[in-house]
Every structure is written in structure tokens, then in C-alpha cells.
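Put together the whole structure using the sequences plus the hints.
2 protein chains.
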Amino acid sequence: MSRPVAIIGGTGPQGSGLALRWARAGETVIIGSRDATRAEKMADSIRQRVSPQAQVSGLENAAACAAADLLMLTVPFEGQAELLKQLKPAIRAGSVLIDATVPLAASVGGRASRTLGVWQGSAAQQTAELVPKGVSVVAAFHNVSADVLNGDDDVDCDVLVCSDDPQATKVAMELAVKIPGVRAIDGGKLENARIVEQITALLVGLNIRHKGHGGVRITGLPEAAYQSRKR
Amino acid sequence: MSRPVAIIGGTGPQGSGLALRWARAGETVIIGSRDATRAEKMADSIRQRVSPQAQVSGLENAAACAAADLLMLTVPFEGQAELLKQLKPAIRAGSVLIDATVPLAASVGGRASRTLGVWQGSAAQQTAELVPKGVSVVAAFHNVSADVLNGDDDVDCDVLVCSDDPQATKVAMELAVKIPGVRAIDGGKLENARIVEQITALLVGLNIRHKGHGGVRITGLPEAAYQSRKR
Numbered sequence: 002m003s004r005p006v007a008i009i010g011g012t013g014p015q016g017s018g019l020a021l022r023w024a025r026a027g028e029t030v031i032i033g034s035r036d037a038t039r040a041e042k043m044a045d046s047i048r049q050r051v052s053p054q055a056q057v058s059g060l061e062n063a064a065a066c067a068a069a070d071l072l073m074l075t076v077p078f079e080g081q082a083e084l085l086k087q088l089k090p091a092i093r094a095g096s097v098l099i100d101a102t103v104p105l106a107a108s109v110g111g112r113a114s115r116t117l118g119v120w121q122g123s124a125a126q127q128t129a130e131l132v133p134k135g136v137s138v139v140a141a142f143h144n145v146s147a148d149v150l151n152g153d154d155d156v157d158c159d160v161l162v163c164s165d166d167p168q169a170t171k172v173a174m175e176l177a178v179k180i181p182g183v184r185a186i187d188g189g190k191l192e193n194a195r196i197v198e199q200i201t202a203l204l205v206g207l208n209i210r211h212k213g214h215g216g217v218r219i220t221g222l223p224e225a226a227y228q229s230r231k232r
Numbered sequence: 002m003s004r005p006v007a008i009i010g011g012t013g014p015q016g017s018g019l020a021l022r023w024a025r026a027g028e029t030v031i032i033g034s035r036d037a038t039r040a041e042k043m044a045d046s047i048r049q050r051v052s053p054q055a056q057v058s059g060l061e062n063a064a065a066c067a068a069a070d071l072l073m074l075t076v077p078f079e080g081q082a083e084l085l086k087q088l089k090p091a092i093r094a095g096s097v098l099i100d101a102t103v104p105l106a107a108s109v110g111g112r113a114s115r116t117l118g119v120w121q122g123s124a125a126q127q128t129a130e131l132v133p134k135g136v137s138v139v140a141a142f143h144n145v146s147a148d149v150l151n152g153d154d155d156v157d158c159d160v161l162v163c164s165d166d167p168q169a170t171k172v173a174m175e176l177a178v179k180i181p182g183v184r185a186i187d188g189g190k191l192e193n194a195r196i197v198e199q200i201t202a203l204l205v206g207l208n209i210r211h212k213g214h215g216g217v218r219i220t221g222l223p224e225a226a227y228q229s230r231k232r
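Quick note, the sequences are listed as chains A and B, same order.
When the letters of the first sequence are read in order and numbered with my numbering, they come out as residues 2 to 232.
When the letters of the second sequence are read in order and numbered with my numbering, they come out as residues 2 to 232.
Be careful, since some hints might not be right.
All copies of an identical chain are treated as equivalent in the list; a pair is satisfied when it fits inside any one copy or across any two copies.
[Unchecked claim] Result set (BS3-like, lysine-lysine): computed pairs, CA atoms no more than 25 Å apart in a straight line:
1) K212 with K190
2) K179 with K190
3) K190 with K171
4) K212 with K134
5) K171 with K212
Bear in mind the hints are in silico, worked out from the structure with no lab data behind them.
What follows is the structure in C-alpha cells.
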């Protein structure tokens, strides 16, 4: 059985889309939610789409943290800090936490095509300040369209992975390439999440303007820079 | 004869690369530089690469501004504000000024993979504050690799064009698609330059890490959102 990934905020569009894709890839997925019943319902609905054998379960967020040492955080920015403070005792030492939070101005009633300034520089760096010592934070999966993830087509998007822990970067890149179409790129240090998070707001603006489901591809790097799915 | 484009700071790698590509496309190009002799030398060198008939000349920056109403600004961020103040009397009313400036931290001795905060939100918005009334500012061409522009291969990069003047956006998009391989995308308002400028710093970081000449492609928008060269 593969190392389980717990998706905190896994009933939202981004979290459930990632859960669907990872369940299809044979990963063991735990959907986390404030409400265990909602989490179980989402797990059921994903199993129905994937297969009755799909390894997907639902738990309350803290229980999900306690059940895995690979965590994927997909919550709106306005809930991020408070939730992390609540979950701190439940997060296991040595865990890898992948953060896809984008500090959209929509969090305070503004536009989803604009961002807020975060004191630490990025939502991911805020997360790094709030997790227990010894937990490695990775920023990734911000730019992957939730609509596309929740569909059946290949995902035409690169996932830029930023972390100060090379081993955690590797884990997140391996998870990224389980999604058909995705290429994972090592984006360097966690501080680079500042820019990767902003790209989501740009894509939101392009989606509104052009009525699409925008993603991003990085061109011009040597082949070795792109990790992709072994077929 | 086509409307001339004056490239302010046209002897640098980005400016000369754009000049080369536009000269090849049959555009009339004026290289601007602080030093008229350097501008003329760069114009000569581009004519030698393109053809003796290529419409490329060199002028001091202020004279270049006075000779065109389509201006392309490619100067390092540390010189941008001061130069615009100097050039203000020379910039013609009704001009379109395309700004490719990126506020890299390298401007103050920091890293080119990091950016500075600009009071107005972006380098392009700073420019908008400094040009004469009635001049339309467009942000574009930040993410196109200077190395690739100065070569002979197609440019594997989208150009996101941001402006508050739809007519100026159109002009910049037309200029962008003269570069083989480039697709132009309307990126909305000038304020979105905040994000487009940041992407350059991300690409610089990726180039250092992976030894490449990174560019960016936007995926997932409807065909109509992408303007490309008529062949």
C-alpha cells in the first residue's frame, strides 16, 4: 500500500480534484474536512467515479493529519492560519506538508484576480511559520485548474515545486507526476512561492477575461528539468 | 513604410534582441541609447545580420523618442525612473510606450531571481506615473528570453500584454506576433503587470537552477485568446 496522502480541506474544488486524480493513480487518499460526514461523502463520490477498490476515505481534518505524514493543504487563504493553529498538535513530526494556498484578495471581499501582501512573503511561508518544528513545507499545485482536475482530460499544466527541503520537493514532484499531463519542475526555495502563488491570480484574471481554464507551462529548460509520468 | 518603433535602451540584450526580430519582420526600428554612436553601431550590427535593406537606425534616446510615437522601453529598473524624467519633454503626445522593465533585486545589488516592491505596484505602473499625459503605457515582453531573441530559433514564449488602453494593447499585441513563435495574450489592465513582471524573476531563478532559457506558455484558454503570426 502506498504512503497515504491526507488532503486537508479536501472537500473543496482543488482538494477534491487532486483526490480524484491521485485515487485514479492508485494512491491512498484521506479526505480531510472540518466535518467528518462531508469528508466521507466526498470519499464515497470519488470512489464511485474511480472504482469501488479506490483507496479513499474521509476523516475530520485533525484525524486526517494524525493518519498520514504526507499532507496536502487546500483551503482558502482566509482560513489557512487559523486552521493550521488548530491542527498543530495533530501534525506528526517529520511530516511533509504541501501548501497550495493562494492569498487572493477575494479572501477579504476583493477580486480573485488580485492578491494580498503576506507578511512572510507568501502563503506558503506563513504556513512554514505555523507548522510544528521538523515539518517540511512545500509549495505546489497552485496553478492547476480545479475545473480541469475534476474532469477526465489530461492536465495541461506544469507544477512548480518550491521548498527548502530537497527531500520534500522530491516527494511533491513524485505526487505531481501522478496526474496525467502534469510535468513537475523544481522551482527552488520555498520563498519562490511568492511568485508561483501570484501566477494563480493572473490565471484567474485570464479565465474571467477569456472564459477558459488557464494553466501554465514553462518552456526553454533542458529535458532533465521536467519530471513527468512514466508511462 | 511601417510606423517606426523606437527602442529606448535598445543596445541592451533585451532591446537589441527585439530590434533584431522586428527588423527581420520588416518593421522600421530606431535603436535608442544614451550614446548615439553606440546606438548607430548596434543598428549597423543588426543590419548586417538581417539585410542591408533592413530599416534600422540608431539615435540618442531623446531623439529616438521624438522620431516615433511607438516606444519600447528596455532599461534596467535602476535606470528607469530617472531616464523617464529626462525623456519626458521628448515623448510625443499620443504615443504608446511599451514597458518591459522588471524590478529585479539585482537593481540594488540583490539577486535577479528576486524582486523589489514598487510603490505603484509594478515597474509599468511607475512608468505610467512618469510619462506625459495622453501617453498610453503597456506592459509586455518581460518574459521573452533575451538570449533566445538574439538567436535564430522561434521564440517559445507567450507575451502577456497589460494596459488600461485597449487600442494600445492591440498595437503591442500586433508587434508581439511579428516575432516567430510568440503568441500574444490580452492580460487585462496595466495593474496585472505586477504579476507578469514577477514571472521574469521566477524564470531567472529557473534558468540559474536548471541552466536554460526559460519562457512561459499559458494553456487552457479558448483559441480566440491567443493572437499569433499570420503565416
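task: Please name the hints from earlier in the document that this structure breaks, with their numbers sorted from lowest to highest.
output: 4
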